[in-house]
Each structure stands twice: as C-alpha cells, then as structure tokens.
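The listed protein sequences correspond, in order, to chains G and S. Residue numbers for the first sequence follow this note's numbering, beginning at 1 and rising by one. Residue numbers for the second sequence follow this note's numbering, beginning at 1001 and rising by one.
Just so you know, the hints here were simulated from the structure itself, not pulled from any lab data. Owing to the predicted nature of the structure, the values given are computational and were not obtained by experimental measurement. Check the hints yourself; a few may be wrong.
Unchecked claim - Derived BS3-like pairs (lysine-lysine); straight-line CA-CA distance at most 25 Å:
| no. | chain 1 | residue 1 | chain 2 | residue 2 |
| --- | --- | --- | --- | --- |
| 1 | G | Lys84 | G | Lys109 |
| 2 | G | Lys109 | S | Lys1048 |
| 3 | S | Lys1205 | G | Lys84 |
| 4 | S | Lys1220 | S | Lys1048 |
Claimed, not checked - To spell it out: a stretch of chain G is covered by chain S in this simulated footprint if at least three of its residues, at any positions, have a beta carbon under 8 Å from a beta carbon of chain S; those stretches are:
| no. | region |
| --- | --- |
| 5 | 92-99 |
| 6 | 105-111 |
| 7 | 120-128 |
| 8 | 149-158 |
Glycine residues also receive a C-beta, built at the ideal position from the N, C-alpha and C atoms.
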Amino acid sequence: MSEQAVGAAPAGAAPAVAPILEVQGVTLQYKTKDHLITATYRVGFQVYPADRFVLLGPSGCGKSTLLKGVAGFMRPVEGEMRLKGRRIEGPGPDRVMVFQEFDQLLPWKTVRQNITFALVNGGRCAREADADEIAMTYIRKVKLTGFENTYPHMLSGGMKQRVAIARGMAMEPDILLMDEPFASLDALTRRQMQEELLGLWDDTRFTVLFVTQSIEEALLVGSRILVLSPHPGQVKAELNANRHSHANLGSPEFVALQTRIHDMLFADRVLEQEAVPRG
Amino acid sequence: MAEPARALRDPVERPEFEHAGIGAANTADVARPLSLFERLSNVDPVRKFTVLLSVIVLWEVYTRAANVPPLIFPTFQDTVVALWRGFADYGLGGQIWASMSLLLTGYAIGLAIGAMLSFIAVSSRFGSDVLGTLTAMLNPLPAIALLPLALIWFGLGPKSLVFVLLHSIVWPVALNTHTGFMSVAEPLRMVGRNYGLRNVRYVAKILIPAAFPSILAGLKLGWAFAWRTLIAAELVFGAATQGGGLGWFIFASRNEMDIPGAFAGLLTVILIGFVVENVIFRNIEQRTVVRWGMHT
C-alpha cells in the first residue's frame, strides 16, 4: 500500500490552488522488438499553475515516456492522468510538446508559417490573419524578428528551438511540455536558451513540464524537481528549486542541492558511463 | 625490447595576454569579388553547355573529316536539316503529340493508382505487406516484356500501350511514396497529432509534404521508365500496326533508309527527355525540396 502513496503530497500540506495536472499511480509500458518495457512504475505528482516542474533522472527512468503519456501519445496501463480535472485520452492542443529534435519544425513552412500552422490547425485562430499577428508577437518574444520568412533549414540549432518554443507558447496551452529541448545545443547556446526561457516565463508565467537529465539544468530551470530512479522509473523525491538560478550558480547552497540529488541518483549503484561530474 | 625512457614533462608555463582592441585586419582580401571567368565557371548551365557544344563540334568535325557515309552516321548538320524536314514535311510534330498525349494519359492514371496503393499500404500493416511483395515481384519486370501479352488482352490500340505504361509508372511511384511515408520523422508525426490533425488532414498536411522528396523521386523514376518504355513500345507496336508516335517515326525513317531522319527522331527523344528531366522536374525540385532544405 505504501507504494500507492508514492508521489502523493503529504497530508495537510496541499496548497489551496487546484493543480493543473494530476498524475496518479501511473505505470507506462511500451514494446520494443523483443521486450515489453515498463518505463515508469506507479509514478504520481501534481503540477500547479505557473510551476516550472522538472522531471529529472538518468536515461532509462522513463521521464520522456512520462511526458509522452501526459501529451496523450501513450496510455497508462495503470493509474490516471488528469488535466484540469479531465482525464487525458489523447493528444490535443491544450498540451503542446516541444521536442529535443530539430526536425520538429515543418521544413516546408517558414518560421511564421510554422507558428500559424499550429494556431490554425490547433483551433486557436479561425483566420490566417489573426494567426499572423499572434505569430509575429511570439517571434518578437523569442528574438527572431527578421527571420519570420526564413525556412527552418537556414536556422541554427538554437534558433530552431526558439521557433519551437515560440510555436508552443503561441498556442497558450494549459501546460507546455518540454522534452530535453536544449540537449542538442552546444553549452553556450544552452545557457543562453535557459536564461531566455526563464525570461519568457517571467513575462507570462506559463506552466511548464520540463524533462532533463542534467542536474544543473534542473536547478536552473525548475521551480520544483521530481527526481526519478531508473529501470523502471519511480519517484525518488520531490524538491524545491525556486531559490536557484543562474545568479547563484556555483554557490555553496546550489552545489549542496546538486550533490544531494547526485547522491540520491547514484549512491546506490555502481557508476557506469552515465556518471555525472559532481558540482 | 624495453621502451626508451621518456621524461614526463609539464606543459611550458607562458605569460597570459589579452588584446585591448582589435584593429582592422591588414589585408585587402577579406572579401574580394571573383573575376568574371571564376564566376562564369561557377554557373552550372554554362559548364554543361560547354560540354554539349564540344560534343556537337566533335561530331560534326569527325563525320566530315573522316568522310563517314551518311547511311551509317550522318553529320550533325544533316541531322538538324532532317529534323527541320521532319517537322515541315513528315508530321514529326504530330508524332510527338501522339506520343506525349499517350504518355500523359498513362502518367495521370498511373499516379492515381500509385497514390491509392500507397494510401492502402500506409493504413495497415497488411496493406504494407501487399504493396511490398507486389512491388518486389513486379518492379524488376521490364514493362516492355508485357507488350506481347497486352496486345492479346487489349488488342492493337492505345489501350495496350497505356497498360504497359501503367506498369512502368505505378510501382516506382507507389514504392517511393510508401517509403517516404514510412520514413517521416517521429517528432514531425507527433507534432501533427499534437495540433489535432487526423486521417485525411494528417496525410495531406504532414505525411505528403514531409515525404515529398521521396515522392518526387518516385515521380521522376516513373517518368523516366515510362518515357523509355513508350519509345520502345512504339518501335514494336508501330512495326505491327503502322501506328504512330516518335518510336514509329524512328522505325519508319530507318525503313526508308532515311538515316538522318532516324537520327532526327532520336535527337527529339533526347531533347524531350532532357527538357522534362532537367527543366520541368528540376524546376519543381528548386521550388520545393531545395527551398525547404530537404534534398539529399
């Protein structure tokens, strides 16, 4: 029975606001050619409005699978997921996903058309003209003014991810799902993108569910961190990271939390090639 | 053998430095415009046209200098004259039209069938197996080999030719379209579904454009097969029925020992093939897959 309670908020500590996303005892499985893999086992958490909720864990902890479940691309074999109280049954524009891969942009559409495509087909705008206006607003927000008529293949990796983020934000979804969006970028661009994302969040206070396998990124980007253990993914801890940002990167407090998470994930296992350097 | 002892040394310590301001580079060649010749030789058509011109000059000079009998290999000039006469006196224009209208009919029907087959293939695993097996079986069969049977099934007429054309168009088009659909990147599929696209809208707005490079390759291949098949079929068919078309024009010219005429027919076949492949398809490619950065 104690397993069922994993991830449930301790009694009496529940905030007054209703959560946007509720995940309860979710087990997700998928098939490979030879195996049925259990990606997550009875995982539960709640995401509240304006949360920057991070799913953190080493590869194999099912964090991306969990995100696909929330997006509606996979159905849980056990447990349930609710968005604003409604059970998640399939993909929909109320939860927009931003992927790690650069080929999430439609290569046959320009930057602006990629955004209007989402707005019109996702049902946010009935007319192309309205969509154009919103698209331009978000292109400005992600600092891509001047590139609106450029095709994605002409953009750098960082710019492509900015378009994907702009496209996701333009939809104004209930929750933005980001699957390691900066993992394919070089270190300098990644740092810059993290800061820009936080800047955008300061502007509009959207709710984001962010997957990463970098402890540092989790601390920088997240306001709350769900730590998952691998094979299969189970909740190890839920921590607050609201006080940490680029401003106190490397401070003793920052490093202490980093070390704490690192030990949580790696203390009980022999380090393989996935070893993450401390602090 | 012991390795020679090597001293373990530390990196050499050097002073650090930092430039306060970087001045203008002291070279004129930061961006020097290329010379006219350099720029011309960068233009693809210019280089290719040069090759073409050399071939023609070589042809003309050799046939004249070596006194090659016109019945074996006419000069370029004779061929051009024959081409002119072909249009003026022997109805070459009409023969081209006969060939092209047949080809376009076949192409249109072939595309429709190919699209249908790939739609069936993409909608279920069984459909995919059916298309895969059929293509593997029938694609290696040269369409022209079916002509004798087609003549029995459909009689001496355009129906037989269209049937043979269909065989050369349907398989490459269906196969390439299907392969294109199957290799659409997973994130792109998920993006489509994320924004609420399903069924026909999903196919039209995500699968077809995303698979377009592959679809275009299928269209080109289908065209190339069909064009070659048609000329060959007309050679055989024309011989059987005194029918028409470019292939028949070549055959008839040879029969009358009008070798320059036969050359003129061949030249026409080359020219049309060239225009379609290098002008029409190239143009489509430039406007789509090249502009989108999807060409390989």
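How the hints compare with the structure:
1. Lys84/G - Lys109/G: 33 Å, violated
2. Lys109/G - Lys1048/S: Between lysine 109/G and lysine 1048/S the Cα gap is close to 33 Å, so the pair fails against 25 Å, i.e. violated.
3. Lys1205/S - Lys84/G: 30 Å, violated
4. Lys1220/S - Lys1048/S: 21 Å, holds
5. 92-99: holds (count 6)
6. 105-111: holds (count 3)
7. 120-128: holds (count 3)
8. 149-158: holds (count 4)
Against the hints set out earlier in the document, violations occur for numbers 1, 2, 3.
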